[in-house]
Amino acid sequence: MLKKPFGGIILNTAFRLIVPFTIVYGVYVLTHGEFSPGGGFQAGALLAMGVVLSRLIQGEDTKFNISGTTAVMLAGLGAFIYAVTGILPLFFGGNFLEYSCLPFPGHGHELHATGILLIEIGVTLTVMMTIIDIMDILIKNEREEENE
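Start counting the sequence shown at 607; every next residue gets the next number (the working numbering).
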């Protein structure tokens with residue numbers, strides 16, 4: 607997290623206007639990833655920008671924040687969701703990535719859409735948290751250079 611925020615009245619106002627739309631658009635891209643261009647990677651990048659902007663503009667006083675340790679754990683959770691969604695059909699008589707064999711209520715196309723959404727959620731979590739963790743590493747390296 608940055609010690610000194612970059613914010614002023616103009617940046618804070620722009621932040622309060624831009625970030626909610628960025629987050630809503632990120633969720634839209636995530637939920638419509640199967641039917642339109644976009645998906646998990648784009649949604650993860652958009653959602654991560656909300657956290658990155660809050661850190662840059664509001665500094666240590668930000669309320670919209672995810673710490674480095676939590677980010678690494680959530681990135682692992684996203685990879686786990688991705689892997690389990692692909693492997694789970696094997697245990698219910700299907701092939702790898704055969705979403706119609708997922709153990710959820712529904713039939714054919716509904717289960718396929720559920721499987722794709724789970725994959726997209728896993729990718730979104732992984733990408734979002736990886737971007738946040740990269741920012742943490744860059745800020746940590748900058749602080750170490752300042753202390754030397």
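None of these hints come from the bench; they were simulated from the model. The beta carbon of each residue, even a glycine, is placed where N, CA and C say it ideally should be. Watch out, some of these pointers could steer you wrong.
Quick list of simulated restraints, FRET-style, between CB atoms [what the hints assert, rightly or not]:
hint	residue 1	residue 2	range
1	Leu744	Gly700	40 to 50 Å
2	Glu640	Leu617	15 to 25 Å
3	Leu744	Gly712	38 to 48 Å
4	Asn671	Val630	17 to 27 Å
5	Leu617	Ala685	12 to 22 Å
6	Ile693	His638	17 to 27 Å
7	Thr675	Cys707	11 to 21 Å
8	Ile615	Ala689	27 to 37 Å
9	Ile629	Phe702	26 to 36 Å
10	Thr637	Gly700	18 to 28 Å
11	Val678	Ala620	42 to 52 Å
12	Phe647	Ile743	13 to 23 Å
13	Gly714	Ala620	21 to 31 Å
14	Glu716	Met679	26 to 36 Å
Hint check results:
| no. | hint | result |
| --- | --- | --- |
| 1 | Leu744 <-> Gly700: 40 to 50 Å | holds, 43 Å |
| 2 | Glu640 <-> Leu617: 15 to 25 Å | violated, 36 Å |
| 3 | Leu744 <-> Gly712: 38 to 48 Å | holds, 43 Å |
| 4 | Asn671 <-> Val630: 17 to 27 Å | holds, 19 Å |
| 5 | Leu617 <-> Ala685: 12 to 22 Å | violated, 34 Å |
| 6 | Ile693 <-> His638: 17 to 27 Å | holds, 25 Å |
| 7 | Thr675 <-> Cys707: 11 to 21 Å | violated, 36 Å |
| 8 | Ile615 <-> Ala689: 27 to 37 Å | violated, 46 Å |
| 9 | Ile629 <-> Phe702: 26 to 36 Å | holds, 33 Å |
| 10 | Thr637 <-> Gly700: 18 to 28 Å | holds, 24 Å |
| 11 | Val678 <-> Ala620: 42 to 52 Å | violated, 30 Å |
| 12 | Phe647 <-> Ile743: 13 to 23 Å | holds, 20 Å |
| 13 | Gly714 <-> Ala620: 21 to 31 Å | violated, 46 Å |
| 14 | Glu716 <-> Met679: 26 to 36 Å | holds, 31 Å |
The structure does not agree with the numbered hints 2, 5, 7, 8, 11 and 13 stated previously, though it agrees with the rest.
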